Amino acid sequence: MAALNPILNDARLREELSRCEYCEEKPCKNACPADCSPADFIMAARVGEPSDFRRAAAEILFANPLGGVCGLVCPDRHCQAACSRKGFDRPIEIPAIQATIVQRARELGKAPVPEQAPQARLGRVAVVGSGPAGLAAAALLSRLGWAVTVFEKAQKPGGACRLIPEHRLPREMLDADIAFVQSLGQIEIRCGEEVKDALALIADGFAGVVVAQGLWSPIRLGVPGEEAAIPGLDYLARPEAHNVAMRRVLVVGGGATALDCAVTARRQGAVSVEMLALETLAEMPLTARERSELLEYGIEVSGRVRVTSIAHENGSIRAVNLRRVTLPAGQAFSPKAVSDSPGTDFTRPAVDVVIVAIGARAAMPHVNDEKVVHAGDGELGPTTVVTAVASGKNAAQTLHARLCSAEPPHVPEPRKSIVRIPGFSRIPVPLDTDFFGRRLPSPFILSAAPPSDGYDQMRKAYEAGWSGGVMKNAFDGVPIHIPGEYMHAFDEGTYGNFDNVSGHALDRVCREVERLVRE
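Once you know that position 15 of the sequence shown is 15 in this note's numbering, the rest is easy, because the numbers rise by one and skip nothing.
The set of hints was computed from the structure by calculation and includes no laboratory data. Here the structure is a predicted model, which is why all the values come from computation and not from measurement. Any given hint might turn out to be false.
Claimed, not checked - Calculated lysine to any residue pairs in the SDA-like style (CA-CA distance at most 25 angstroms, straight line):
{"hint": "1", "residue 1": "Lys371", "residue 2": "Lys336"}
{"hint": "2", "residue 1": "Lys196", "residue 2": "Arg162"}
{"hint": "3", "residue 1": "Lys416", "residue 2": "Lys110"}
{"hint": "4", "residue 1": "Lys416", "residue 2": "Ser37"}
{"hint": "5", "residue 1": "Lys196", "residue 2": "Tyr22"}
{"hint": "6", "residue 1": "Lys110", "residue 2": "Asp40"}
{"hint": "7", "residue 1": "Lys29", "residue 2": "Pro91"}
{"hint": "8", "residue 1": "Lys460", "residue 2": "Gly477"}
{"hint": "9", "residue 1": "Lys371", "residue 2": "Glu413"}
{"hint": "10", "residue 1": "Lys371", "residue 2": "Ala406"}
{"hint": "11", "residue 1": "Lys26", "residue 2": "Pro118"}
{"hint": "12", "residue 1": "Lys156", "residue 2": "Ala81"}
{"hint": "13", "residue 1": "Lys156", "residue 2": "Ala362"}
{"hint": "14", "residue 1": "Lys26", "residue 2": "Glu16"}
{"hint": "15", "residue 1": "Lys110", "residue 2": "Pro91"}
{"hint": "16", "residue 1": "Lys196", "residue 2": "His242"}
{"hint": "17", "residue 1": "Lys86", "residue 2": "Pro6"}
{"hint": "18", "residue 1": "Lys153", "residue 2": "His242"}
{"hint": "19", "residue 1": "Lys153", "residue 2": "Met364"}
{"hint": "20", "residue 1": "Lys416", "residue 2": "Asn30"}
{"hint": "21", "residue 1": "Lys416", "residue 2": "Arg85"}
{"hint": "22", "residue 1": "Lys29", "residue 2": "Leu169"}
{"hint": "23", "residue 1": "Lys371", "residue 2": "Phe206"}
{"hint": "24", "residue 1": "Lys472", "residue 2": "Thr433"}
{"hint": "25", "residue 1": "Lys29", "residue 2": "Ala82"}
{"hint": "26", "residue 1": "Lys460", "residue 2": "Ile445"}
{"hint": "27", "residue 1": "Lys196", "residue 2": "Pro382"}
{"hint": "28", "residue 1": "Lys416", "residue 2": "His78"}
{"hint": "29", "residue 1": "Lys26", "residue 2": "Glu463"}
{"hint": "30", "residue 1": "Lys86", "residue 2": "Leu13"}
{"hint": "31", "residue 1": "Lys26", "residue 2": "Asn321"}
{"hint": "32", "residue 1": "Lys416", "residue 2": "Asn368"}
{"hint": "33", "residue 1": "Lys460", "residue 2": "Val517"}
{"hint": "34", "residue 1": "Lys460", "residue 2": "Pro450"}
{"hint": "35", "residue 1": "Lys416", "residue 2": "His366"}
{"hint": "36", "residue 1": "Lys86", "residue 2": "Ala31"}
{"hint": "37", "residue 1": "Lys336", "residue 2": "Asn321"}
{"hint": "38", "residue 1": "Lys29", "residue 2": "Val517"}
Based on the sequences and whatever the hints tell you, model everything.
Set out below in C-alpha cells:
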C-alpha cells in the first residue's frame, strides 16, 4: 500500500507558494504553537533559488528546531486552520510546504548553519527525555550559554516521534532535525540512561533540570483477560516483534496512536483491522490526512462500544466481549460522559490480536522545586509535536531565568511560545548605506507608488522593514488628473499606477513628510 506523501513536487510547491497573500496580521503565525511564521518562510522561498531555500528553512528551524518533523506530522488544526485563503477557496497546505522547504534545503546542500555557539559559561543543566519538548529545551538552553546533557532511556533519541510509523515520518527527517538541534551548541544526548528522580540530577551537580519525560505508562482497560492484549506503545516501538500478518486485528482506542497501530497492522499484512472506540468516527480527534488513511487501508471503525473482557487460552485470543455505550443528547463527548447501555452485550469471535491504545500517563512524579521545570506531554497531557516543542522552549526560558535570578518570562499560554532559538542572522552582512547624507539601515526603499503615497502608507512600510520610500510629486493649486491608462500592472507582482503624481495636495504631503522625519 502506498503512503500518502506530503512532500510537494516542484509544480505543486510553486502553486501553493503563489497562493499566500502575506497577510499583515499573519494569523498562521499566531496559530502556530512554536510561533513559526508561514507567511515569512513562504515569502523567503518564493523565488526558488537554493539560497532562498536556506533562508526559508532557517525561518522554520530557528522557531521550531523540529520543523521538518512537524511539517510531516502537524495536524491541520493549527496554522492551516487559520489560513486566510480558506475564506476565498481553500487554506494553503502549510505543513506540506514546511516539510518540503526543509527537505529541499538539505537536498541542495543549503541546510541552515547556526552561528558559532556561545561558550557554555553558565554551567550544566540536564534534560530528561529526548522527545520534541526535551530537544526544543536543549536547543534553547544551549544557545543561552548552558552545557546541556539530555538523558534518554531508549536506545535512540526522538522520544514519541520514534513511535510515529515511518510511512508518516521517515527516520531520515527525524534524524536530520535531531542533528540540527545538536549543531546548535554543547548538547550531549546520553541514550540508554533512564532517570527516575530529577532531584538526583541536582545532587549530581546539574544546576537545573527540564523534565520532558512524555507519557509512557499505558492506561489499562481494567478488564479480565487484558494481559493477552498488546499495549499500543509497545507495538509501535517494535512492530516487527509482533506477528500480525494474515491475522485479524482489533485496535481499542480512537486517537492518533490507535490509528497508527491500525495502519501499521495493515501495512504488516493483517487480513482485517477494526478500531473500537467510545467515540464515534466524527468525534475522533483525527486530521483529514489520518481520516483518509482509514479509507486507504480499509480500516473498519465501530464507535460507542467498549471492551468488557478478553477470552484467551494458551496465548491465543478466543473472543472479545463488548458492550454498547451511550452519550446523553446534546453533550460533548468525553470518556467520563458515556455510560453503559444495559442488555447490549455482544461478542467478536473472529479476533486474533488485540492492541490497546487508549492513552498513557507520566511515569515520573511531578517535582515541585525551583530548579526543576516540567514540559511536554507530561505537563500538558497528550498533545501535538509542535505544541510539545513550544512547551519545551517555554520551560527552557523559565529555567534559565530562575537560574540566573532574572525576571521570569511572561508566558500567557503554556501551549504557545514566541521565543526564537538564537543563532540565525537574517542579515549576515552589513546593509546600511548613505542616502543623500542620511544613514539608512539598508538600500531597499519603496519607489513612488501607492504603497508610499502618504503618511499611513509610509508608517506601515517602516514597520514592515523598509528603509524609506520616494513619495510622489505633489502640486499646489493645479488640478490633478491621473489617466486610466496609468493603471497598468505588468504581472501579479507589480502594482498599478506607477506614476509619480500624487492625488494629494502639496501642503498635505509636506506636513506628512515633516511628521515622518520627526518620528
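Quick rundown of the hints versus the structure:
1. Lys371 <-> Lys336: Not satisfied, since the Cα-Cα distance of roughly 36 angstroms exceeds 25 angstroms.
2. Lys196 <-> Arg162: This hinted pair holds, its Cα atoms lying about 21 angstroms apart.
3. Lys416 <-> Lys110: Violated: lysine 416 and lysine 110 sit about 29 angstroms apart, past 25 angstroms.
4. Lys416 <-> Ser37: holds (13 angstroms)
5. Lys196 <-> Tyr22: It is violated: about 47 angstroms lies between the C-alpha atoms, which goes past 25 angstroms.
6. Lys110 <-> Asp40: holds (18 angstroms)
7. Lys29 <-> Pro91: holds (14 angstroms)
8. Lys460 <-> Gly477: Distance ~29 angstroms between lysine 460 and glycine 477 Cα, so the pair is violated.
9. Lys371 <-> Glu413: Holds, at about 21 angstroms.
10. Lys371 <-> Ala406: Given that 25 angstroms is the threshold and the Cα spacing comes to 14 angstroms, the pair holds.
11. Lys26 <-> Pro118: Judged against 25 angstroms, a Cα distance of about 32 angstroms means the pair is violated.
12. Lys156 <-> Ala81: The hint is violated at about 33 angstroms.
13. Lys156 <-> Ala362: Since the Cα atoms of lysine 156 and alanine 362 sit roughly 20 angstroms apart, the hinted pair holds (cutoff 25 angstroms).
14. Lys26 <-> Glu16: Answer holds: lysine 26 to glutamate 16 is near 16 angstroms, not above 25 angstroms.
15. Lys110 <-> Pro91: Roughly 28 angstroms separates the two Cα atoms, so the pair is violated.
16. Lys196 <-> His242: Outside the cut-off at roughly 29 angstroms; violated.
17. Lys86 <-> Pro6: Distance of about 19 angstroms is within 25 angstroms: holds.
18. Lys153 <-> His242: holds (22 angstroms)
19. Lys153 <-> Met364: Satisfied, since the Cα-Cα distance of roughly 13 angstroms is no more than 25 angstroms.
20. Lys416 <-> Asn30: Holds, because 9 angstroms separates the two Cα atoms, which is no more than 25 angstroms.
21. Lys416 <-> Arg85: This hinted pair holds, its Cα atoms lying about 23 angstroms apart.
22. Lys29 <-> Leu169: Status holds; Cα separation ~23 angstroms.
23. Lys371 <-> Phe206: holds (9 angstroms)
24. Lys472 <-> Thr433: holds (22 angstroms)
25. Lys29 <-> Ala82: At roughly 9 angstroms apart (the allowed maximum being 25 angstroms), alanine 82 and lysine 29 satisfy the hint.
26. Lys460 <-> Ile445: Holds, at about 13 angstroms.
27. Lys196 <-> Pro382: Holds, because 21 angstroms separates the two Cα atoms, which is no more than 25 angstroms.
28. Lys416 <-> His78: holds (11 angstroms)
29. Lys26 <-> Glu463: Roughly 14 angstroms separates the two Cα atoms, so the pair holds.
30. Lys86 <-> Leu13: holds (18 angstroms)
31. Lys26 <-> Asn321: Violated, because 51 angstroms separates the two Cα atoms, which is more than 25 angstroms.
32. Lys416 <-> Asn368: Holds: lysine 416 and asparagine 368 sit about 22 angstroms apart, inside 25 angstroms.
33. Lys460 <-> Val517: holds (15 angstroms)
34. Lys460 <-> Pro450: Judged against 25 angstroms, a Cα distance of about 12 angstroms means the pair holds.
35. Lys416 <-> His366: holds (21 angstroms)
36. Lys86 <-> Ala31: Within the cut-off at roughly 14 angstroms; holds.
37. Lys336 <-> Asn321: holds (21 angstroms)
38. Lys29 <-> Val517: Measuring from Cα to Cα gives roughly 32 angstroms; hence the hint is violated.
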